[in-house]
Amino acid sequence: MSVEASEGLEELVLQGIGVSPGVAVGDAVVFASEGFAVPERNISESEIPLEIARFEEALIKTRHQISEIQHNVEIMLGSEHAGIFDAHLLVVDDRYFIEEVIRSLRENRRNVESIVNEVSGNYTSMLAKVEDDYLRERAADVHDVTRRIVKNLAGEGMDRLNCLEHPCIAVAHDFSPSDTAGMNRDIVQALVADIGSSTSHAAIMARALEVPAVVGLHDVSTRINAGDTVLVDGAKGVVVIRPSSATLLTYAQRAEELKMILGELETLKDEQSETKDGYCVPIAANIELPNEIVSIDRFGAQGIGLFRTEFLFQKKQLPDEETQIQVYSEAADQCGGNEVVIRTLDLGGDKCSAGIRVDQEANPFLGWRAIRFCLGSVKLFKVQLRAILRAAAGRNIAMMYPMISCVSEVLEANTLLEECRQELKSEGLPCADRIKIGVLIEVPSAALTVDLIAPHVDFFSIGTNDLIQYTLAIDRVNEKVAHLYRPTHASVIRLIHQVVQTGQQYRIPVMVCGQTAASPELAPLLIGLGVNRLSISPPSVPMIKDVIRNLHYSDCRRLAEDALRMSSSEDIAAECRALLKKTSPEILELIS
Amino acid sequence: MGDTKKIVREFTVENQYGIHARPAALLVKAAGKYSSEILIGKEGSEVSAKSIMGLLTIEGHQGACLSVQTVGEDAEEAMAEIAELFENKFFEE
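Sequences listed follow chains H and U, in order.
Reading the first sequence from the start, the letters are residues 1 to 592 in UniProt numbering.
Reading the second sequence from the start, the letters are residues 1 to 93 in UniProt numbering.
Bound-form chain H, shown alone (with noise of 0.2 Å):
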């Protein structure tokens, strides 16, 4: 299609995946799948010896690109995606590839780009084949080095998205590793693809620079022309071709009322996070690396209220137990005096460790996870119960269990902790007297025994995500089953209000992390629950705050009411989000 054809075509709404969040509008420059053509003409044999040189010239020059984008990338995003880099290295370097394109170029006595060409499109076409949806994308990763190498034979720049000038919309048929690492995000506004899913790699790096992308197009690289404007809404995959003035305008609006709601909520971080008639729900932060405690203190969040520390045991080398003093009394300084809650290993279900060979089972997540790995693994819980206390000697550390089922468990895991103190007492090593102990509440079994773990424990922190899912017996991955995983559940908010009441009983305060407290529209409902502080990734700090200081208690407390009598989820999620409504519309605006 033309230029002109184009003129004057009513906009166009395209539904793709969504891979990278963000809004983007801009004038799209469209990279041609197929447009560089390949060289191609019959040598004579005095030819052959030059041509094999001009090969190895080629691979050395591709490989030297390669490792330079490689050392990019790790200094921008780190060596986990800079390790695709190794196999395209080892690509440039696989000898059997290199034989076969230089015996092909001895018996066919054709030009060396067009071998490559060829000898590459066989395996590429083998790997097209590959049922397995993940490895077939691996057809990416041979296709990318390859095109590179013919490329550098022919003496075609090669990097596209870090040739282009001015900010655009970059659409394309595919993106390649190597197109989406050198790409400047100030001149990239939003990627556009024809293919592609989550795990591809243009889909990752999206993500990873913040770059908002939308896959899966289909024909959107030969819909779209060269200056078109591009309308790209990431969150929700869709992609508006020649937008509307009107559509634009409500996307401009929009953007502006996001960024301006955004900037405000930044000025909170000193504020208290209490309602308009005082009461205080403090909010802290899920912390997963030691590298975003950093955000603690920019998002304004009062310390850490889960600290998982399953990346310790990423490793095939397990963390000895003065690694991890040192993880867990870091991060305690770091937070000023705040508390620090440590959860203690929480492996299993859909989480492995390189360095701990858990067997396949059936069920994972109902199997051999969490404490119960760790009661079975004495040796390897108690190095980490014994740096947790030498960590918490003079500093604010908390700690807890996961997955708790039964009262015994916690009898079981405290034995163990006190084996631990007495250790460290009689080998004269400095720990802490008394440490505070919470166990998380996500299996329906404990929140009905609250009563019987309580004399055991500080406080009870509710894991809303698994505690959902165990009740309702809904895998949340599943997306045949996804749309029944209903946070508003009334057996759910039963089973909250029951750990809240016995808490108070018992004067055991009760935290949530999980997704329901970092919702605008469910955080008002637990603490109409009752629930005492609430704690949730810290990007997610200010927009809670905001909601909580916009609140009236009182309000909380009679939709906590309703919704204990409720019977529909809808019904009650209907009530949370008119609540939302009144009280911070802004928010809802933002999130909806």
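Treat the hints with caution; some may be incorrect.
[Stated by the list, open to error] Listed next, the in silico DSSO-like pairs over lysine-lysine satisfying Cα-Cα at most 27 Å (straight line):
(1) K61(H) / K89(U)
(2) K236(H) / K582(H)
(3) K129(H) / K42(U)
(4) K276(H) / K61(H)
(5) K379(H) / K89(U)
(6) K129(H) / K89(U)
(7) K42(U) / K61(H)
Honestly, the hints are just simulated from the structure, not real lab data.
Starting from the known structure of chain H, fit chain U onto it as the hints suggest.
Using the frame of chain H, we list chain U on its own:
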């Protein structure tokens, strides 16, 4: 010529995403250290563990059963290192 040995073992791919680029890279790096020939086969097709492009085409998805053959003077050592990778799920999870 020295002592040529031949060892054959079977492995099940246990890591979630199978032999994708990163595990394949680990295999190639490990195989490259040995003088022995190292072949990986599945359902009649066979590739060299020293070729990443070959490995990527073998379709080693999770649950796939692959046969590994090492032939050469250091066949035992080579097999031990390859076995370690499979048994540790390529250190992925």
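Comparing the hints with the structure gives:
no. : hint              : in the structure
1   : K61(H) / K89(U)   : 34 Å, violated
2   : K236(H) / K582(H) : 26 Å, holds
3   : K129(H) / K42(U)  : 15 Å, holds
4   : K276(H) / K61(H)  : 65 Å, violated
5   : K379(H) / K89(U)  : 23 Å, holds
6   : K129(H) / K89(U)  : 24 Å, holds
7   : K42(U) / K61(H)   : 35 Å, violated
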